[in-house]
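As you go down the protein sequences, you meet chains A and B in turn.
Mapping to the numbering used here: the first sequence position 113 is 113, numbers consecutive.
So the numbering used here is basically just the index in the second sequence, starting at one, shifted up by 305.
No wet-lab data here; the hints were simulated from the structure.
The hints are all genuine.
Restraint ranges, calculated between C-beta atoms of paired labels, are given here: (1) A/259 x B/525: 52 to 58 Å; (2) A/20 x B/523: 24 to 30 Å; (3) B/401 x A/98: 27 to 33 Å.
From the three backbone atoms N, C-alpha and C, an ideal C-beta is built for every residue, glycine too.
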Amino acid sequence: MNETHFHSIKDLSTHHLLGAGTAMCAGCGGLEALQVIYDILGEKTVFINAAGCMTLLSVYPYTPFRGSWLYTAMASAPAGAQGVRDALDILLEKQLIGTDEDLQTVVLTGDGSAYGMGLSATSAAIERGLDFLYICYDNEGYGNTGHQSSGATPHGARTATCRTVHGFSGDKKDLFAIWAAHRPAYVATVAGAEPVDLARKVEKACRLKGPRLLIALAPCPTGWGYDPQETVQVGKLAVACGLWPLKEAVQGKIVHTKPPGKRLPVETYLKTQDRFAHLFEPQRDEQTLHEIQERVDIYWREWEE
Amino acid sequence: MTRTLLTGNGAAAWGMRLARADYLPAFPITPQTEIIETVASWINRNEIECRMTTLESEHSMLTAAGAAAATGVRVFSATSSQGLLYGMEMLYTVAGWRAPLVLVNVSRGLAAPITLEPDHNDILAARDCGALQIHCATCQEVLDSILLAYRLAEDWRVRLPVIVNLDGFYLSFTREPVQIPEAAAVNRFLPPFDSGNLCFRASAPTSQAVAVLGGGPYSYFRYQAYLAAMNALGVFEEIGQEFRKQFGRSYDLLDTYHCDDADILFVMLGSFATKAREAVDHLRASGQAVGLVRPRLLRPFPKMALQRVLAGKQGVAVIDQNLSPGGGFLYTELATALYDQSTAKPLLVNFIGGLGGRDISREEFFEIAAETRRAVTAGTAPLPRLLFTAAELREVRKLQAIAGSRREPPRREP
Numbered sequence: 001m002n003e004t005h006f007h008s009i010k011d012l013s014t015h016h017l018l019g020a021g022t023a024m025c026a027g028c029g030g031l032e033a034l035q036v037i038y039d040i041l042g043e044k045t046v047f048i049n050a051a052g053c054m055t056l057l058s059v060y061p062y063t064p065f066r067g068s069w070l071y072t073a074m075a076s077a078p079a080g081a082q083g084v085r086d087a088l089d090i091l092l093e094k095q096l097i098g099t100d101e102d103l104q105t106v107v108l109t110g111d112g113s114a115y116g117m118g119l120s121a122t123s124a125a126i127e128r129g130l131d132f133l134y135i136c137y138d139n140e141g142y143g144n145t146g147h148q149s150s151g152a153t154p155h156g157a158r159t160a161t162c163r164t165v166h167g168f169s170g171d172k173k174d175l176f177a178i179w180a181a182h183r184p185a186y187v188a189t190v191a192g193a194e195p196v197d198l199a200r201k202v203e204k205a206c207r208l209k210g211p212r213l214l215i216a217l218a219p220c221p222t223g224w225g226y227d228p229q230e231t232v233q234v235g236k237l238a239v240a241c242g243l244w245p246l247k248e249a250v251q252g253k254i255v256h257t258k259p260p261g262k263r264l265p266v267e268t269y270l271k272t273q274d275r276f277a278h279l280f281e282p283q284r285d286e287q288t289l290h291e292i293q294e295r296v297d298i299y300w301r302e303w304e305e
Numbered sequence: 306m307t308r309t310l311l312t313g314n315g316a317a318a319w320g321m322r323l324a325r326a327d328y329l330p331a332f333p334i335t336p337q338t339e340i341i342e343t344v345a346s347w348i349n350r351n352e353i354e355c356r357m358t359t360l361e362s363e364h365s366m367l368t369a370a371g372a373a374a375a376t377g378v379r380v381f382s383a384t385s386s387q388g389l390l391y392g393m394e395m396l397y398t399v400a401g402w403r404a405p406l407v408l409v410n411v412s413r414g415l416a417a418p419i420t421l422e423p424d425h426n427d428i429l430a431a432r433d434c435g436a437l438q439i440h441c442a443t444c445q446e447v448l449d450s451i452l453l454a455y456r457l458a459e460d461w462r463v464r465l466p467v468i469v470n471l472d473g474f475y476l477s478f479t480r481e482p483v484q485i486p487e488a489a490a491v492n493r494f495l496p497p498f499d500s501g502n503l504c505f506r507a508s509a510p511t512s513q514a515v516a517v518l519g520g521g522p523y524s525y526f527r528y529q530a531y532l533a534a535m536n537a538l539g540v541f542e543e544i545g546q547e548f549r550k551q552f553g554r555s556y557d558l559l560d561t562y563h564c565d566d567a568d569i570l571f572v573m574l575g576s577f578a579t580k581a582r583e584a585v586d587h588l589r590a591s592g593q594a595v596g597l598v599r600p601r602l603l604r605p606f607p608k609m610a611l612q613r614v615l616a617g618k619q620g621v622a623v624i625d626q627n628l629s630p631g632g633g634f635l636y637t638e639l640a641t642a643l644y645d646q647s648t649a650k651p652l653l654v655n656f657i658g659g660l661g662g663r664d665i666s667r668e669e670f671f672e673i674a675a676e677t678r679r680a681v682t683a684g685t686a687p688l689p690r691l692l693f694t695a696a697e698l699r700e701v702r703k704l705q706a707i708a709g710s711r712r713e714p715p716r717r718e719p
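Using the sequences and the hints, build the whole thing.
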């Protein structure tokens, strides 16, 4: 169970299963994570998608997936997975299809759906024990519509709908905690910038049955305001500053899989992105910077105790 | 011939059972709940092979229903009123998926004010969603219509979801003698579901419901679904005849009663039409040539059949159990259907009745007939009229007095 094929980056596939030339933005952190995930899941999958950036992966008549795809609506992708899973189980039970025809049901949504409109459908799918994998690519805003504030927008960030002096005054919703409170078979945070950690988690999720959920940090050059070539660096800094704790929960037990050790100051991360530029120019917003750092420090102090 | 006393909801459950639906995604709502409870009891006793999943909303319920149909199983579901509207996004969506599932709607008036009793504003809100609609007047018709609905939905010329509508309380909770067809006969009439290429299989990867760019492909696929819906008119007549041969009961596009020699016709939907039927008997007994037309298939709208049956009539009283700015839905739809005829058209008179389960009395049907005759003589139709008595208004005034408030516009200082 704990044995892994992924010890170093050399163990990851260099040939990706997901086709190139999609409509995603250059440097999309969500796509970066999805590449690794899809290589491990393979083509015996049906991706059930909710409205978001990745809805544009499959645009008639093209698709980058070797396997199957179903677009549903913004609020109900997990219910779509329920319908597909139930139907496949019915067909298997009645021996109308063989097990070789079975598919893994994979929900793919952005944070807009996962943190907001789709939360009720996800909660219910977990509570019913649906056998599915949920991938949330979290770019911390409604990315596909121009990066407005979502339930995943972090404290202090500016978005298309929040141009205030101090940025977004609220806090990022703790979706990991909400999902983990349901005690699903598996829930983890991942980042495309930490592909070995990501690969191990997907591998682990694939070995389990029941609801398995991944929240992937998806650095977004377009919405966050940085050069696309810096996507990996931005993702690594989110982890190194302690802003994106890499962790997992199996049946409720939470483990940090890659704790940052001596954390870099959050400023190191914030300075890389235009959405936080107002915290440094024209003058430093010490109060908001302190609030962001304090939230991170409190989080890790609670875990380290 | 043995007949069993069944409620409309019980008849709906029997229709689903005889159709051998594989999957029931469910969510409870009054007055539909008895349907899913009945099916659940059969599943619990291992009487039927069906998987039931309770979702957390009608929106999710219809998503699961469409997704399961798109994976290749026969799907049944049921809802009412607010639930139908809550799932409305997915009704349009699964119609676009061309998912041939059957959904029962047990009609109930819409909030606000919230009520449990029936009218047709819920089902008529779904009129443009792409799903077909069959409207029922009796419990027998509910059961039979579900069998017809599966044939219609799964026909290769159609391949669309079908909604079977019955009125809450008046049908859902009313027991009538129903002949439950033999399973073997149903199996002959309705073969197992052939999903064709509508499926998800490891050996045949497919993308369904993908985005399109630009109006060209969008128009093409929407119009393709529209043409498929229009095919349902001919297909319904075909399978109606097959049904009559197999089971001896006739289901045409229109249920007509004393229409041939009538000069005045009532046009109504659903179970309240049985009240009109009774009134027609009395009017006939008093020498009045009045008839009744009840469209069974409402989507697609049986325009040609209605043109034929209304041809040469003097006046048509359209009794709408729904309300929309500008008149009832059936009235405006019928006016549109008659407009492009060059021949003389009957005068249409619109009445709004039965809102929120409000009864329509025999005397009111007499008055509707008389009012329609007066309009024919005058050569002009009055504005749509609400069936509402002075006694009812007095009752409402009493309630308002108890409530202690009457909303009036603020008085302006002179």
